[in-house]
Amino acid sequence: MVSTTPFHPRLAELNTTQLWTHWAGYLSATQYDIAAKHEYFGVRNAVGFFDASPLYKYEITGRDAERYLGGLLARDIRTCRPGRAQYTIWCDDGGFVLEDGVVFRHSANDFLLTAAEPNLSFLQNQIGSLEVSIEDVSAAYAMLAVQGPRSRAVIAELAPEITDLGYFGHVQAKISGSEVTISRTGFTGDLGYEIRIPADDALAVLDAVMEAGKPHQMRPFGDHALNILRIEAGLPLIGVEFSSSRYAFNEHDRFTPDELGFGWLLKGIDDDTRPFAGRPAILNERATGASRWKTVGLSVDGHAFEQLFYEAGLIPPKDEPPADWETMLYDEHGERAGYATSYTYSPMLQTQVGIARVRPDLATVGTTVHVEQTVNHVYTTVPATVTRMPFFTPERKTSMS
Amino acid sequence: MTETNRYDAIIVGGGHNGLVNGAYLAKAGLKTLILEQRHLVGGAAITEELHPGFSFTTFSYALSLIRPEVIRELELTKYGFNPIYMPTSFSPMENGDYLLLGPDRDENIREIMRHSPRDADAMDRYEHDVGRVLQLMYPLFDRVPPNIFGKTPEDAQDVAWLLGHLGSAEPKVVHDAVRLITGSISDFLDDYFESEVLKGYLAASSTTGTKVGPMSAGSGFVSLMMAMGEHDGHLGSWSFHKGGNGGFTQVLGTAAQAFGAEIKLEAHVDHVITKDGQATGVVLQDGTEYYADIVVSALDPRQTFTKLVDQRELPGDLVEAIDRFQFNGTSAKVNFALDAAPKYPALGDRTDQYRGFVSIAPSIEYLERAYDAAKYGWYSERPYLDTCMQSFLDPDMAPPGKHVMSCFVQYAPYHLKGSDWDTERNNLGDTVQRTIEEFFPGFSDLVLHREVVTPLDIERVVGLSEGNIYAGDFLLPQMYFFRPAPEWSQYRTPIEGYYQCGSGTHPGGCVMGAPARLASQQILKDRAAKA
Ligand SMILES: Cc1cc2nc3c(=O)[nH]c(=O)nc-3n(C[C@H](O)[C@H](O)[C@H](O)COP(=O)(O)OP(=O)(O)OC[C@H]3O[C@@H](n4cnc5c(N)ncnc54)[C@H](O)[C@@H]3O)c2cc1C
Numbered sequence: 003m004v005s006t007t008p009f010h011p012r013l014a015e016l017n018t019t020q021l022w023t024h025w026a027g028y029l030s031a032t033q034y035d036i037a038a039k040h041e042y043f044g045v046r047n048a049v050g051f052f053d054a055s056p057l058y059k060y061e062i063t064g065r066d067a068e069r070y071l072g073g074l075l076a077r078d079i080r081t082c083r084p085g086r087a088q089y090t091i092w093c094d095d096g097g098f099v100l101e102d103g104v105v106f107r108h109s110a111n112d113f114l115l116t117a118a119e120p121n122l123s124f125l126q127n128q129i130g131s132l133e134v135s136i137e138d139v140s141a142a143y144a145m146l147a148v149q150g151p152r153s154r155a156v157i158a159e160l161a162p163e164i165t166d167l168g169y170f171g172h173v174q175a176k177i178s179g180s181e182v183t184i185s186r187t188g189f190t191g192d193l194g195y196e197i198r199i200p201a202d203d204a205l206a207v208l209d210a211v212m213e214a215g216k217p218h219q220m221r222p223f224g225d226h227a228l229n230i231l232r233i234e235a236g237l238p239l240i241g242v243e244f245s246s247s248r249y250a251f252n253e254h255d256r257f258t259p260d261e262l263g264f265g266w267l268l269k270g271i272d273d274d275t276r277p278f279a280g281r282p283a284i285l286n287e288r289a290t291g292a293s294r295w296k297t298v299g300l301s302v303d304g305h306a307f308e309q310l311f312y313e314a315g316l317i318p319p320k321d322e323p324p325a326d327w328e329t330m331l332y333d334e335h336g337e338r339a340g341y342a343t344s345y346t347y348s349p350m351l352q353t354q355v356g357i358a359r360v361r362p363d364l365a366t367v368g369t370t371v372h373v374e375q376t377v378n379h380v381y382t383t384v385p386a387t388v389t390r391m392p393f394f395t396p397e398r399k400t401s402m403s
Numbered sequence: 003m004t005e006t007n008r009y010d011a012i013i014v015g016g017g018h019n020g021l022v023n024g025a026y027l028a029k030a031g032l033k034t035l036i037l038e039q040r041h042l043v044g045g046a047a048i049t050e051e052l053h054p055g056f057s058f059t060t061f062s063y064a065l066s067l068i069r070p071e072v073i074r075e076l077e078l079t080k081y082g083f084n085p086i087y088m089p090t091s092f093s094p095m096e097n098g099d100y101l102l103l104g105p106d107r108d109e110n111i112r113e114i115m116r117h118s119p120r121d122a123d124a125m126d127r128y129e130h131d132v133g134r135v136l137q138l139m140y141p142l143f144d145r146v147p148p149n150i151f152g153k154t155p156e157d158a159q160d161v162a163w164l165l166g167h168l169g170s171a172e173p174k175v176v177h178d179a180v181r182l183i184t185g186s187i188s189d190f191l192d193d194y195f196e197s198e199v200l201k202g203y204l205a206a207s208s209t210t211g212t213k214v215g216p217m218s219a220g221s222g223f224v225s226l227m228m229a230m231g232e233h234d235g236h237l238g239s240w241s242f243h244k245g246g247n248g249g250f251t252q253v254l255g256t257a258a259q260a261f262g263a264e265i266k267l268e269a270h271v272d273h274v275i276t277k278d279g280q281a282t283g284v285v286l287q288d289g290t291e292y293y294a295d296i297v298v299s300a301l302d303p304r305q306t307f308t309k310l311v312d313q314r315e316l317p318g319d320l321v322e323a324i325d326r327f328q329f330n331g332t333s334a335k336v337n338f339a340l341d342a343a344p345k346y347p348a349l350g351d352r353t354d355q356y357r358g359f360v361s362i363a364p365s366i367e368y369l370e371r372a373y374d375a376a377k378y379g380w381y382s383e384r385p386y387l388d389t390c391m392q393s394f395l396d397p398d399m400a401p402p403g404k405h406v407m408s409c410f411v412q413y414a415p416y417h418l419k420g421s422d423w424d425t426e427r428n429n430l431g432d433t434v435q436r437t438i439e440e441f442f443p444g445f446s447d448l449v450l451h452r453e454v455v456t457p458l459d460i461e462r463v464v465g466l467s468e469g470n471i472y473a474g475d476f477l478l479p480q481m482y483f484f485r486p487a488p489e490w491s492q493y494r495t496p497i498e499g500y501y502q503c504g505s506g507t508h509p510g511g512c513v514m515g516a517p518a519r520l521a522s523q524q525i526l527k528d529r530a531a532k533a
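Heads up: the sequence lines are chains X and B, in that order. Counting from 1, position 199 in the first sequence corresponds to residue 201 in the working numbering; the numbering is continuous, with no gaps. Counting from 1, position 167 in the second sequence corresponds to residue 169 in the working numbering; the numbering is continuous, with no gaps.
Be a bit skeptical, because a hint or two may be false.
[As the list claims (entries may be wrong)] The calculated SDA-like cross-link candidates involving lysine to any residue, where the alpha carbons are at most 20 angstroms apart (straight line), are: (1) Lys-399(X) - Thr-79(B); (2) Lys-320(X) - Leu-136(B); (3) Lys-174(B) - Gly-315(X); (4) Lys-320(X) - Phe-143(B); (5) Lys-80(B) - Gly-315(X); (6) Lys-345(B) - Pro-217(X); (7) Lys-320(X) - Gln-137(B); (8) Lys-80(B) - Ala-235(X); (9) Lys-404(B) - Glu-213(X); (10) Lys-404(B) - Pro-217(X); (11) Lys-216(X) - Asp-341(B); (12) Lys-269(X) - Ala-279(X); (13) Lys-404(B) - Ala-279(X); (14) Lys-29(B) - Ala-260(B).
[Said to hold, decoys possible] These stretches of chain B come out as covered by chain X in the derived footprint (C-beta under 8 angstroms, 3 or more residues): (15) 70-79; (16) 82-90; (17) 99-108.
[Said to hold, decoys possible] Simulated restraints, written as ranges between beta carbons of each label pair: (18) Lys-33(B) - Thr-165(X): 44 to 52 angstroms; (19) Asp-351(B) - Ser-5(X): 30 to 38 angstroms; (20) Asp-126(B) - Leu-21(X): 52 to 60 angstroms; (21) Glu-322(X) - Met-115(B): 25 to 33 angstroms; (22) Leu-21(X) - Gly-350(B): 22 to 30 angstroms; (23) Thr-6(B) - Asn-378(X): 54 to 62 angstroms.
Hint data in this document are derived by calculation from the structure and do not stem from the laboratory. All residues carry an ideal CB built from backbone N, CA and C; glycine is no exception.
Kindly produce the complete structure, drawing on both the sequences and the hints.
Structure representation (structure tokens):
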């Protein structure tokens, strides 16, 4: 039977639509309001909160914890000081991406790794002779994401210590008597925080946050709004942009960090003192230029899109939610150019945008590719420009005040 | 003549159209100067903190018609463009009931059925039919109108295009279009609905800014114009820009400057300098002169043709047409700072009905009676109010827990019989407040501050003649290839190098940027032809 998160009693009251989805075995609100877009704008203009509890959480401790993570994670954990967090990935020996997650460093030997998929046996199998212990603490904590321009004001009301928390920093704080960890992280590409709360205290903390959020018109947001937000932020989602290479049946379903746009995580890969899983293969990929794809942003030519429909006697269906399928891309000769893994209408850009994988020769910013489109039940295409991501990245996301 | 005073193009007026025009010209590489008389840009689209902590959208208050092209071509997202979706429409009724519509079709049907089971399936038909008319009109909207009096092959081509476009539509669609364009919204709605409150809600926008009632011919046309917005991917949808329409014009100003345009504030243009039938620059009231071969008026037609230039330089027909051009402002604004959200008795402590427009227009009869007063030179005793508590959408508009409420008021005719607006200003404020009180008992106790903007104030502050919000009424004889005058609907004027780009040109008023965008295309085309 599907489980409910520690916040559920309150969220069930708030969910006026009674629409829920299942996420990692838990009930997760699809949308609380009849208009998911209202929730989306709540985040972009004020503040919203999201129940991220279903994430898996692993405590990684012990004398060799840093060495252990250094050998596992593709991003150099040594550059992550205590009180900081890192978005990271881990790869297989072939240099293909297994999964991604966020790792929090509490002290020299004390880490917490969050991931969308279960990983305990995998993580334990990598320990070897190192002195490390790994514990699954997934159910012990609830996670509350508070996101949007007013999130700082809401949280600072309860925990003033966050006022000067930098991007991807975290602190311990007390809310309603509960020991919580607050990090300046999130999945919306906006100013935002995540609070990790002992499960038993989850409701009390949520109530305090909701109370503090009232004057700021904080609203809950669900999966639909989150999906638009994260695509605008150019953030990949496992299961959508890629799946673990461990479960690929063939080469079309496994990707290297460079192919997925994760190259920036590999800073310092040339440093021989940190041999991490997949490193030789990635170095070889780079030396031989073997990458098959590049990950880019796509921004549809809105005018051409509208014309396509008007000329067909239709009203352009602009405001479409994120597509549940891959969208094919073609080059100017009609040859396969790649595919968009995520594709949605962006209320901020007022046009369709997508996260796409294209042939390396088409990855230069400004290149035109043609996006598959159905008009009057016939396949056609609409031009789009290759852009940088994120599509929307306000200064407040990383700024200090 | 100093080089620093020389530009490629000078735009008179820093309203949203002046800014859009300036941004396009600067983007095309022209050294561009925008001259604005006030201390801030935006014209009728500004936001002001008139009470500490409370931001008022003094004049215009919502965004819908802004052309998607303008947002994209001027890369407005980069400069802070930030619309906020308005998901609901709330119509209080005289008997204490209400109509609350939202973004979900099925929920709306249930809500409509409370008022009339018969109207449940009428909404889909109505929206579909109107949608098809809008679809027919879009291509006219986003193009320079054809000069049907022109003699060039290009003019002939444009006219042929228009006839071809209309001719290719289905007869029913063309017929619906003509019925809407020439008829009354009341007649049109009667074909679909019986619920008074639903008809009141749908008819309300058909009179916005124009001296017509819902039973007048021409109200159908205004309602179509108000539905032309394609904002945020939805036909006819309205939104609130972060920080109000003033927030939006600040974004436009930033964009224009980023493209290289220079904006001078407190620069009141006295007149345009001409030499041998060609514009050569402008003179400010303080005597400063700026020179350019392209001068663009972003003001209304009366100012463009009778104030900024000497009428004697213009053909008599044009001068007469501009004299006849109807302004007849009929709208006012009353803006409130509120200590708390007002309560609607039937909804108890609920406030979710305030996430969009709250429209005091409970029936067509209510609207038509409000209009009656205007016919005889007076303001409505129970006016139609299009209101919004914008702080529910953007908490930055008011301190926590408090609210701002923008009320667009009709009818308030510019020409009063037997009094004047300086005498009546406060009485109008009282009338509006009393009307709100009728629907929201206890409202007056919440009022912390009140701003009354009469048509005279609109004219004085922004310069819009007779306070007409569109820079000229939305009446058929002054639209499309007649806006602002026959033969002069293509943004040019009889004075070479002197152009018009304000709301008095096609497609007209509202914060849409379309006139300015089309004008910039015309200006650049002419410039290229000369080079
Ligand atoms: C009360 C009210 C409510 C409205 N509500 C809405 C709404 O909600 N949504 C909507 O879309 N539209 C609304 N409108 C209509 C819309 O605001 C206007 O049609 C639009 O803003 C006009 O823009 P513009 O740039 O053409 O002209 P304006 O905004 O009038 O700009 C002209 C500019 O020129 C300046 N100027 C005038 N004379 C001179 C001079 N001699 N020298 C230098 N500068 C000069 C003025 O100060 C002004 O800044 C409303 C209008 C009003 C008045």
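Problem set entry | Ascending list of hint numbers which this structure does not respect | Failing hints, ascending: 5, 13, 20.
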